[in-house]
Structure formats: structure tokens, C-alpha cells
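*Asks:* Model the full structure from these sequences, guided by the hints.
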Amino acid sequence: MVTPPIPETEWDKADRLAFEREMLGLYVSDHPLFGLEHVLMNAADRTISALAEEGVVADGAVVTLAGILSGVQRRITKQGRSWASATLEDLEGAVEVLFFPNTYELVGQYVAEDAIVVVKGRVDRRDDQPRLMAMDLSIPDITTPDDVKPVVLAIPPSRCTPPLMERLNEVLASHPGSAEVHLRVNKHLLRAARRVAPTTALMADLKALLGPSAVAG
Numbered sequence: 001m002v003t004p005p006i007p008e009t010e011w012d013k014a015d016r017l018a019f020e021r022e023m024l025g026l027y028v029s030d031h032p033l034f035g036l037e038h039v040l041m042n043a044a045d046r047t048i049s050a051l052a053e054e055g056v057v058a059d060g061a062v063v064t065l066a067g068i069l070s071g072v073q074r075r076i077t078k079q080g081r082s083w084a085s086a087t088l089e090d091l092e093g094a095v096e097v098l099f100f101p102n103t104y105e106l107v108g109q110y111v112a113e114d115a116i117v118v119v120k121g122r123v124d125r126r127d128d129q130p131r132l133m134a135m136d137l138s139i140p141d142i143t144t145p146d147d148v149k150p151v152v153l154a155i156p157p158s159r160c161t162p163p164l165m166e167r168l169n170e171v172l173a174s175h176p177g178s179a180e181v182h183l184r185v186n187k188h189l190l191r192a193a194r195r196v197a198p199t200t201a202l203m204a205d206l207k208a209l210l211g212p213s214a215v216a217g
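Counting in my numbering, the sequence shown runs from 1 upward without gaps.
Among these hints, one or two may not hold up.
Restraint-style ranges between C-beta atoms, simulated for each label pair [said to hold, decoys possible]: (1) Gly80 <-> Met203: 41 to 47 Å; (2) Asn186 <-> Val62: 49 to 55 Å; (3) His182 <-> Glu113: 28 to 34 Å.
For the record, the hints were derived by calculation from the structure and aren't laboratory data.
We treat Cβ as the ideally placed atom computed from N, Cα and C, and that holds for glycine.
*Replies:* In C-alpha cells, the structure reads:
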């Protein structure tokens, strides 16, 4: 029996993540929102996880959330008007969003699977889990300027321990921005999932953690 050759071409990131989500119900190798933390922070007035905290967001409160849509289901009312439901997910939580006819008529074209969106809506706490009744939807600018240079970090293999990598991830997460982070380990150049703002504060934190010689430039 002849075994068919395995394609050498890697899947596109979006296709790979969509497959993981469809087959496993979650993202495994990466997350579509990694590197966009700064976009979510600037567009939303709170994280989705805040909705689950008792006493933080009241029933009927108007909030603005940002994240990625999944599980989009389109429906028709008895009056023949279109509406939809979907799950909005950020890096900390997820919430069901309902786009009723009046809102859906205005934003329905943007309610799509894997769309990164900003949703303004009213919190509904009548059921066990909070939901969001959408009032508006917009598309954030997720483009990265071409002239933003990556932050390059040189780390010896002997120092690439789980505790150090965990601490490094914490440092990068505390400085969200649009610049990529490249890790140079011997002759290998790896790209970190997070993007950062290459400020003097970030450089100081990185040098304190990794040493002055680890930060290029």
C-alpha cells in the first residue's frame, strides 16, 4: 500500500485556528486575539470577565466590549425580520450577544464567524449567565504600521526555563502594543504571540529580567 505524501505547506494561521475551534471547541496552538491586546483595551471599557463578577456590572448597564465572534446563528422572527445570536470572546472570558432586528438591520453584515468586533450593548442578568443585548457594533482597526520595528531578545538556551518564560510573558503582557517580539535562541529566531509597545519602560523591565545584553539595540 502506498502512503500518500503529507503536504509540506503549513496551514494559514486563520485556517488552522478555525479548524481547532471547530474540532476541539477551543484554540490550542495560538489565539486570534494574541497581539491585539492593545486594540481590545483601547476599544472596550471593560473585559468580558467583569460581567461575571458579582456587583461589578449591574443589570441594564450599558457597556462596550471587544473580542472575536463565534457560534453565529441567524434567525427569523414571526414577523419575518432577521436577527442573530453569537458568542463574543476576549482573552479573559465570553458572553452571549443578541442582535435583535432593529440593531441587526444596521450591523448584520458585520455579524460573522471569527470577526473581531466592538459591541456596545445593555447587560441582561435575568438568567443564570449574563447576556448582552447589542445596541451597536463597529470594526476596530487592527492593522499594524509597517514601520514598527520588532523587539528582538537574545536568550541563551540554558536560560529558557518555564519560570523565566512565564515571567517574560507577564512582562510583555503588561506593555501591550503593535510591535512584534522576536526571540533569538542560538541560530533560531522565534516570534512571540504577544505584541508590545516598545517604550523605555518595557526596555527597562526586559533588561532587569534578562540582562542588558539580551535586548538588541
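*Asks:* Take the hints in turn and mark each one as holding or not.
*Replies:* Evaluation of the provided hints:
1. Between glycine 80 and methionine 203 the C-beta distance comes to about 59 Å, which lies outside the given range of 41 to 47 Å.
2. Between asparagine 186 and valine 62, the C-beta spacing of about 52 Å keeps the proposed range 49 to 55 Å intact.
3. With their beta carbons about 31 Å apart, histidine 182 and glutamate 113 fall inside the hinted range of 28 to 34 Å.
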